[in-house]
Structures are given as structure tokens and as C-alpha cells.
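A.B. asks: Chains as they are written, first to last, in the UniProt record's numbering: chain F, 1 to 256; chain G, 1 to 256.
Take these hints with a grain of salt, some might be off.
Under the rule of at most 20 angstroms between Cα atoms (straight-line distance), these lysine to any residue pairs were calculated in the SDA-like manner [to be verified]:
| no. | chain 1 | residue 1 | chain 2 | residue 2 |
| --- | --- | --- | --- | --- |
| 1 | F | K18 | G | A71 |
| 2 | F | K239 | G | D158 |
| 3 | F | K256 | G | T248 |
| 4 | F | K46 | G | D56 |
| 5 | F | K26 | G | R211 |
| 6 | G | K26 | F | R66 |
| 7 | G | K225 | F | S152 |
| 8 | F | K141 | F | V218 |
| 9 | G | K18 | F | A71 |
| 10 | G | K141 | G | N5 |
| 11 | G | K239 | F | S152 |
| 12 | F | K46 | G | K50 |
| 13 | F | K50 | G | E16 |
| 14 | F | K18 | G | A70 |
| 15 | F | K18 | G | G75 |
| 16 | G | K256 | F | T248 |
| 17 | F | K50 | G | W107 |
| 18 | G | K63 | F | E17 |
| 19 | G | K239 | F | P153 |
| 20 | F | K239 | G | S157 |
| 21 | G | K18 | G | G150 |
| 22 | F | K18 | G | N5 |
| 23 | F | K7 | F | G140 |
| 24 | G | K63 | F | A65 |
| 25 | F | K209 | F | L185 |
| 26 | G | K214 | G | Q38 |
| 27 | G | K7 | G | E91 |
| 28 | F | K239 | G | Q164 |
| 29 | G | K202 | G | K50 |
| 30 | F | K197 | G | A71 |
| 31 | F | K35 | F | K202 |
| 32 | F | K256 | G | G246 |
| 33 | G | K63 | F | E16 |
| 34 | G | K40 | G | R211 |
| 35 | G | K40 | G | A27 |
| 36 | G | K46 | F | Q68 |
| 37 | F | K225 | G | S152 |
| 38 | G | K50 | F | K239 |
| 39 | F | K50 | G | E91 |
| 40 | F | K256 | F | R196 |
Think of the hints as simulated: they come from the structure by calculation, not from any bench.
Below, each chain spelled out in residue letters.
2 protein chains.
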Amino acid sequence: MTSTNKKILIVFAHPEEKSFNGSLLKAYVKHLESKGHQVKISDLYKQNFKAVVDRDDFLNLDKNARFQQAAASYGAYAAKQLTPDVVAEQEKLLWADTIIFHFPIWWFGLPAILKGWVDRTGEYSDTRFGDRYGEGIFAGKKAFVITTCGGSPDQYSDRGINGQMDHVLFTINHGLLFYTGCEVLPPIVIYQTDGRKEEGFKEAVDLVKERIDKFDSVKPINYRKQNFGDYEIPSLRLKAGLEQPGETGYDIHIAK
Amino acid sequence: MTSTNKKILIVFAHPEEKSFNGSLLKAYVKHLESKGHQVKISDLYKQNFKAVVDRDDFLNLDKNARFQQAAASYGAYAAKQLTPDVVAEQEKLLWADTIIFHFPIWWFGLPAILKGWVDRTGEYSDTRFGDRYGEGIFAGKKAFVITTCGGSPDQYSDRGINGQMDHVLFTINHGLLFYTGCEVLPPIVIYQTDGRKEEGFKEAVDLVKERIDKFDSVKPINYRKQNFGDYEIPSLRLKAGLEQPGETGYDIHIAK
Chain F
1 MTSTNKKILI VFAHPEEKSF NGSLLKAYVK HLESKGHQVK ISDLYKQNFK
51 AVVDRDDFLN LDKNARFQQA AASYGAYAAK QLTPDVVAEQ EKLLWADTII
101 FHFPIWWFGL PAILKGWVDR TGEYSDTRFG DRYGEGIFAG KKAFVITTCG
151 GSPDQYSDRG INGQMDHVLF TINHGLLFYT GCEVLPPIVI YQTDGRKEEG
201 FKEAVDLVKE RIDKFDSVKP INYRKQNFGD YEIPSLRLKA GLEQPGETGY
251 DIHIAK
Chain G
1 MTSTNKKILI VFAHPEEKSF NGSLLKAYVK HLESKGHQVK ISDLYKQNFK
51 AVVDRDDFLN LDKNARFQQA AASYGAYAAK QLTPDVVAEQ EKLLWADTII
101 FHFPIWWFGL PAILKGWVDR TGEYSDTRFG DRYGEGIFAG KKAFVITTCG
151 GSPDQYSDRG INGQMDHVLF TINHGLLFYT GCEVLPPIVI YQTDGRKEEG
201 FKEAVDLVKE RIDKFDSVKP INYRKQNFGD YEIPSLRLKA GLEQPGETGY
251 DIHIAK
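Make a model of the complete structure from these sequences and hints.
C.D. replies: This is how it looks when you write it as C-alpha cells:
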């Protein structure tokens with residue numbers, strides 16, 4: 001099955017072009033373009049993207065005003081008073097129908113430059129009850145994570161000491177990509193990256209190529225939408241009995 | 001019960017001195033000092049702390065060498081070739097017997113400037129089998145998180161749509177503080193911060209004061225150590241049957 005042509009934004013966060021991640025990016029972008037997809041890359045290190053939110057980000061913020069991140073972000077977004085670098089990222093996001101987050105896992109999370117991209121580009125408020133978790137500005141888009149780590153699959157398995165990879169990535173897949181309305185495809189995780197030789201690299205490239213070539217048939221993670229009856233209003237607690245027997249924690253937010 | 005005097009490092013990440021978090025910091029630092037504790041503050045925004053790891057961080061890295069984050073970090077640490085700003089943070093960490101991470105939750109995680117402090121200050125490798133998870137350079141220190149969020153306790157409860165707060169904070173408490181050897185005390189979480197008035201602020205200050213005054217009697221989170229028999233070697237999967245009936249996910253890594 002061939003995928004229809006996509007408009008793909010890759011948000012890439014690694015400092016070294018010659019790294020495993022840099023080489024992987026190059027290889028799959030070539031493949032994407034050969035298949036006729038349109039590709040834009042936000043290469044955050046190359047762009048020297050400003051990682052830290054501060055009051056300079058909000059052009060309409062009074063010099064003497066107390067700075068509140070959520071309110072300032074919302075106000076500047078509504079008044080079109082965000083900085084050009086942030087606006088450029090938002091335009092790429094709106095252009096894309098497919099968003100790839102590609103980063104190495106550092107300290108069980110996003111590299112700071114990518115966390116900063118999220119902090120600055122996203123208009124975020126966790127007090128909001130409206131169009132979030134399955135609805136929102138990115139509804140109709142698909143997104144997924146490509147990530148690398150040093151640890152083994154066992155260490156990130158259901159009983160692994162690092163926690164299960166789906167849980168480690170939950171705040172990204174659910175709290176960021178699904179939160180903003182995207183359908184989220186399963187992540188592509190490349191374990192034990194450091195020791196990989198040529199063959200291990202090829203294996204990783206093939207994983208990404210396969211995802212691209214079968215894209216339209218890959219089922220999204222079935223996260224429960226906020227406003228379609230699964231959650232109590234206004235507590236936003238999952239209604240009793242919806243989870244599978246024995247399910248707890250993050251897992252209950254995925255419908256089976 | 002009065003606490004013995006402590007050497008406390010507060011790593012603080014908020015851009016606005018007049019914010020809820022800024023005011024909270026001021027209030028509890030005053031209390032700490034009045035009780036005779038020694039306090040150092042790493043106020044990352046005020047320090048204009050560089051958030052983004054790049055090759056400039058490693059003074060002994062050859063210009064033409066391929067840059068690998070974990071290897072460069074380890075090599076520069078061993079050779080004492082880290083930058084002065086990072087060395088200064090490491091010295092404060094070694095000085096302290098108590099470490100407080102104080103930050104607002106943005107997008108379910110650390111603000112980028114604090115994630116960058118972690119990325120740059122920590123010598124991290126998730127391939128390591130040695131002195132991590134309950135052992136390591138910070139053994140003998142205690143640490144805990146003070147954090148604020150806009151959402152309600154319900155939204156961060158066991159069935160809440162944001163995921164349970166202990167799970168949202170797991171990669172910080174377990175993956176960072178416990179990983180490096182600290183004993184981790186339960187976090188102090190202040191919910192629905194945005195709408196708080198004077199009384200709500202006082203309540204938050206009292207929470208922190210209480211923690212400080214009862215410090216020596218607060219029980220750490222009972223995370224399982226890596227190398228004391230609970231995990232299979234070398235898979236680092238939890239041995240069968242150690243968890244409570246019905247426990248899954250992150251919860252199995254806390255001994256009851």
C-alpha cells in the first residue's frame with residue numbers, strides 16, 4: 001500500500017549532523033522526497049532556536065506588567081504579537097498534515113532546545129476545558145515521535161527499571177501531540193543506539209521507511225477524547241468501569 | 001520536632017520575580033534562614049543560565065570530532081574540562097545536603113531552562129549499569145520537588161485526564177533525583193495556582209514551611225534500588241512477584 005503524498009514537518013533536535021540521529025534524518029528525508037512527499041525541517045540546533053521563554057517573547061507585554069506565562073502566551077497569540085521565530089514555526093505547523101518529533105531521549109525527556117520550542121511555540125494552559133485532548137488547532141493532522149536511547153528494550157519494558165517506554169513518552173504523545181488535537185501514531189524507538197554499527201543503523205532507517213511507506217494504514221494510539229463522554233465533567237476523571245480489568249495509571253486513557 | 005540545620009540548594013526556574021512562584025520562593029527562603037539553615041539559590045533565569053547543550057560545553061572536545069553527548073559529557077567531566085557555569089552548579093550540588101527543585105509545570109514537564117540545567121550539569125548515560133538508582137554521586141543527600149500547575153487535583157488524580165501527578169513527575173523524581181543517588185521526599189504540588197488569592201498563597205507557603213519544620217521525619221519515596229536484589233541482572237526488569245497485587249507501570253518501582 002502506498003501512502004498519499006504528505007506535507008511533513010520534522011522537528012529535529014540534535015546538535016551533531018554526523019550523529020546517529022543526524023544520519024538517520026538524512027536517510028529518511030531522502031526516502032520521503034523520493035516518494036514525492038513535501039518535507040520541511042525545523043532543525044533547532046542549526047536554527048539556533050531560542051530555548052528559553054521570557055518576556056521578550058511577547059511583544060505586547062507591558063514592561064512593568066507582572067509576567068504570567070500562560071496569560072502572556074494567550075494574549076500575544078491572540079493579538080499576533082509573538083516573535084517572528086515563533087510565528088515561523090507556527091506557520092510550518094499549520095502547513096503540515098504530518099508532524100514528526102525527532103530527538104534523542106536525554107534524562108528521560110526532550111532535549112532542552114526542543115522543550116523550549118514546545119514552551120515557546122505552544123499556546124498552553126492546563127486550566128482550559130475546551131478544545132484539547134483530541135480536538136484543537138491541530139485536529140486532522142497526524143504526528144509521531146522518532147527517538148533514540150542508550151538503554152535496552154528490557155530496561156524500558158513493562159517491568160524495566162526505567163519505566164515502560166510508552167509511559168516515559170506519555171507526556172509527549174498524550175500531553176502535547178494529542179492535547180493539541182493530533183492523531184498520534186505509535187512512536188519509533190531505536191534502543192541501544194550508542195553501540196550500533198552499520199547494520200544497526202540500516203535497521204533503524206528501515207523502521208522509519210516502513211512507517212512512511214505504510215503510513216495510511218498505521219493505526220493511531222486510541223487515546224480517549226476529553227469531550228466525548230468518557231470523562232466526568234467537570235472533574236475530568238475517567239468514568240468508572242471504562243478501563244480494562246487490572247488497568248491503572250496512564251494505560252486507562254487508551255481505549256481498547 | 002525541629003530539623004537539624006541543613007545546607008540547602010534551591011534550583012529555581014521561573015522568569016518572573018513577582019510571580020506566585022517567585023513570591024513563594026522569597027517567603028520560604030526567609031523561613032529557612034530564620035531557622036538557621038544555610039541556603040544557596042540557583043535562580044536560573046536571573047543567572048541567564050545557558051539552556052542548550054552543544055559542543056562548546058566540552059572544552060576538551062576536538063573541533064573535528066563527531067559530538068556524542070554522553071561520551072563528551074563523561075570525558076569532559078573526568079578531565080575537568082567542563083565550562084565554569086556548569087562547574088559552579090556542580091560545586092553547589094556537592095556542597096548541599098538537601099536539594100530543592102522548584103519550577104512551574106509547563107507542558108507536563110520542566111521548563112526548558114531547567115531541563116537544560118539538567119542536560120548540562122548531569123553526567124548522564126542510560127547505558128550505565130553501575131552506581132545509579134539509589135547509589136551514586138548524590139548518595140546521602142535528600143531532594144524534593146516544589147511545583148505549581150494550573151490544573152486541579154482531580155485532573156491529576158489516579159483517573160484524571162492529565163495522568164496521576166506522581167506519574168507525571170516520575171521521570172524527575174525517579175529518573176533524575178533518585179537516579180543520581182538522592183533520597184527523594186514526596187513532592188509539594190500546588191494546584192490551580194493561577195486563580196489563587198492571598199489566602200491561597202498563604203496556604204502554599206504553609207505547606208512548604210511544614211515540610212521544612214518536619215523535614216527529618218518525612219519519609220522518602222521508597223523507590224527500589226537497582227543493585228540490591230529487586231531487579232534481574234542484566235535485564236534490569238523487576239523480579240516476578242515483588243509488586244503488590246494489581247500494581248502495574250511506574251508504581252511497581254516503589255516498594256510497599
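A.B. asks: Output the numbers, in ascending order, of every earlier hint that fails for this structure.
C.D. replies: The structure breaks hints 5, 22, 24, 29, 38, 39 and 40; every other hint is satisfied.
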